[in-house]
Amino acid sequence: HFNGDSTYTHIIVATISSFLAAFSSCPFDTARSKMMNQMKDFNGVGLKYVSLLDCLSKMVYREGGLLVLWSGLFAMFLRLAPHTIITFV
Numbered sequence: 037h038f039n040g041d042s043t044y045t046h047i048i049v050a051t052i053s054s055f056l057a058a059f060s061s062c063p064f065d066t067a068r069s070k071m072m073n074q075m076k077d078f079n080g081v082g083l084k085y086v087s088l089l090d091c092l093s094k095m096v097y098r099e100g101g102l103l104v105l106w107s108g109l110f111a112m113f114l115r116l117a118p119h120t121i122i123t124f125v
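Under this note's numbering, think of the first position of the sequence shown as 37, with each following residue one higher.
Since the hints were derived computationally from the structure, they do not count as laboratory data. Don't take each hint at face value.
[As the list claims (entries may be wrong)] In the DSBU-like style, the derived pairs of lysine-lysine whose C-alpha atoms are separated by at most 35 Å in a straight line are:
1) K70 / K84
2) K94 / K70
3) K76 / K94
4) K94 / K84
[As the list claims (entries may be wrong)] Simulated restraints, written as ranges between beta carbons of each label pair:
5) L83 / A111: 23 to 29 Å
6) K76 / H46: 27 to 33 Å
7) Y44 / G101: 43 to 49 Å
8) R115 / K84: 22 to 28 Å
9) N79 / I52: 42 to 48 Å
Note that the structure is a prediction, hence the values are computed from the model and not measured. Even for Gly, the Cβ is constructed at its ideal location relative to N, Cα and C.
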C-alpha cells in the first residue's frame, strides 16, 4: 500500500473500477452475444444483423431504447468485481 492507504480504500477503488469496466464493455458484450446467437443462412451469414453498428442501432431503435444496451450489467459486475478486488488488494 502507498502513503498509508488502507485495505478498505483498495477494496472501494477496485469495486468502482470493476463497475466502470462492466459499464463501458456491457453494450459491446450484449451486441456480440446477440450477433453470435442470431440465425444464419446456409452460407453462415447472419440473417438479422450485418455488423456491430447495425446490431447496436437495431437494439436501440427496435428492441427497447438505450437501456437495452446495459441489460446484463448487474451480472457482468457480479462476475467482474470479485476478480478485480482479489487482483488489486
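To see whether the hints hold, each was checked on the structure:
| no. | hint | result |
| --- | --- | --- |
| 1 | K70 / K84 | 9 Å, holds |
| 2 | K94 / K70 | 11 Å, holds |
| 3 | K76 / K94 | 17 Å, holds |
| 4 | K94 / K84 | 9 Å, holds |
| 5 | L83 / A111: 23 to 29 Å | 27 Å, holds |
| 6 | K76 / H46: 27 to 33 Å | 46 Å, violated |
| 7 | Y44 / G101: 43 to 49 Å | 38 Å, violated |
| 8 | R115 / K84: 22 to 28 Å | 26 Å, holds |
| 9 | N79 / I52: 42 to 48 Å | 45 Å, holds |
Checked against the numbered hints given earlier, this structure breaks hints 6, 7; the rest are met.
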